[in-house]
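There are 2 protein chains.
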Amino acid sequence: METLTPPGRPGAALIALDWGTSSLRGYLMDAKGDVLDQRASAHGIQNLPVPGPEGFEQAFAGICGDWLALHGKLPIVAGGMVGSAQGWAEAPYVGCPADTATLADKAIVVDSRLGVRVLIAPGVLFDPPDANPDVIRGEEIQIAGALADHPWLAERACVALPGTHSKWVQIQDGRITRFATYMTGELFAVLCRNSILGRLMPEAPAADAAEADQAFVAGVRLAREGLPGDLSHQIFAARTLGLTKRLPPDVLKDYLSGLLIGGELVSGLAHMRDSIAADTPLLLIGDGALCRRYVRALETIGTVPAAQLENTAPRGLFQFAQKAGVLSHD
Amino acid sequence: METLTPPGRPGAALIALDWGTSSLRGYLMDAKGDVLDQRASAHGIQNLPVPGPEGFEQAFAGICGDWLALHGKLPIVAGGMVGSAQGWAEAPYVGCPADTATLADKAIVVDSRLGVRVLIAPGVLFDPPDANPDVIRGEEIQIAGALADHPWLAERACVALPGTHSKWVQIQDGRITRFATYMTGELFAVLCRNSILGRLMPEAPAADAAEADQAFVAGVRLAREGLPGDLSHQIFAARTLGLTKRLPPDVLKDYLSGLLIGGELVSGLAHMRDSIAADTPLLLIGDGALCRRYVRALETIGTVPAAQLENTAPRGLFQFAQKAGVLSHD
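For the protein sequence lines, the chains are R and Y, in the order given.
Residue numbering for the first sequence follows full-length UniProt numbering, starting at 1 and increasing by one per position.
Residue numbering for the second sequence follows full-length UniProt numbering, starting at 1 and increasing by one per position.
Please note: incorrect hints may appear among the correct ones.
What the hints assert, rightly or not - Derived BS3-like pairs (lysine-lysine); straight-line CA-CA distance at most 27 Å: (1) Y:Lys245 x Y:Lys73; (2) R:Lys106 x Y:Lys245; (3) Y:Lys106 x Y:Lys73; (4) R:Lys245 x R:Lys323; (5) Y:Lys106 x Y:Lys245; (6) R:Lys245 x Y:Lys245.
In short, the hints are calculated from the structure, not lab data.
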């Protein structure tokens, strides 16, 4: 089947899949990396239509089977948890320093039963002699996208990617040199859902946005004053401030959120200053609403990020495809 | 009904109830505070036979109805969550500084339908102008017992009570002057049960006790090296050390336990040194096995507790009863 390219518009050249734990996003791209079409499905690797390889095949056919039928056997690249040990096929971690070329060099191939090959990017392992190992998988692709669009950051930057497991990643000379995971989002979720702190917290968000912001900022300030090990004491304030009616119940979540995000920032910035120049630009990548909370927290502790980006994964997957040489014009 | 006192053995003079969230313990005491008989039931205030006041009456009759039938209308004292807003009757918090006389002064009375009065001790609120409020309820009674038996500690001591919510309490001139809650035990439980960290952890304890101890000590050491806000990053090591096979799965819990207990100790000792002389004796009160973990962690960071006590609540309830003047010989 031949693809009919509308006049003046380049044809489909690549399918890029951002395949995480809880979601799967597909992008149909042209040879310049512009997105022609996109889809999202809930078929993250923990939520496949059926378990095992069959589940990956079905989710894959669901997200881009019609694109393949329409455009022929396009090259396909994928990044994220799809390459983990629980993924479609394991793409073992590469070490630091790592750049997009490293990812391309160590990518692995899955032959789909749709008759196309899927090139899966590896994650990255940071394994220093003097600290515990750490891992990222998916964020290296987002970073590749960010650096492609903002080459001035490639020389030296600190990239914070807020989320369930936030990542703080240092970039030097275009390569990922070190990083750290913070379980901020998950800690917040389990404390609200499963600990005594949740008992005083209503489901609904705060009625008064200004009050919620004030509580969030108070949480950040508490984190800023913290000594090592204080966190398991500090979080108890999300109970006592409610018990003593110093804070209304509907802003206790905001207070806890400020405290946890504030702690992450205090630690992340301190480690950055330890290992890279203090004037290194800070880049935020992630969901817009969550990044706005981080910007508010940074403001409270007197720091301003150099840039804030959302969904850089498609751009990063395109960079990965280019480096891997799977685009027909390469 | 008259109580027949065996020759040479003093008669029953008091019933003391240590009534917490998940358990109820009853002690039949003589006029010197020696325990003549004791019981435990699972009828903590969150686990009553039926909800509401009727549940408290039933649990009360169950734990000591026969003692009352046998010994007549003895004075009865109670401490712990039974005096909270969710308890049998609320005994509002008293402020700091507080000693056993303060507790006795602000105790409240419940008239049970068994025809006896139950004197319930209040909790204590620490509400400094420069920090968040904090509360204890039950620990003030344990401390009263500890200080009665170890009067040399009453002048100046730091008391750590490990548990679901650990408490660090400062004593000066026989009074509780300040304290802090650490959610260490609960944090450990929710991380093992409800977070991604639990996925690599088997249910069963470690097969090799020496390996488990080594992992615990490694966790404490990591905590000791921590900077402010590091905790939400540090806990992720309980995953990466498993993923990279640096630690066997069955000691990951010990590692996390060491990290969380270590963090509590680092913070608790630092705040103690901030507000009270560094040579202040440290007293541990609590479950023997848990206290032994704390002693091991303290040893790792170069500190030795002055004493370690278990179940000082009966002794403390007796002190409370004496101060309240409910013992017939007072």
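Verification of the supplied hints:
no.	hint	in the structure
1	Y:Lys245 x Y:Lys73	63 Å, violated
2	R:Lys106 x Y:Lys245	22 Å, holds
3	Y:Lys106 x Y:Lys73	23 Å, holds
4	R:Lys245 x R:Lys323	58 Å, violated
5	Y:Lys106 x Y:Lys245	56 Å, violated
6	R:Lys245 x Y:Lys245	47 Å, violated
Against the hints set out earlier in the document, violations occur for numbers 1, 4, 5, 6.
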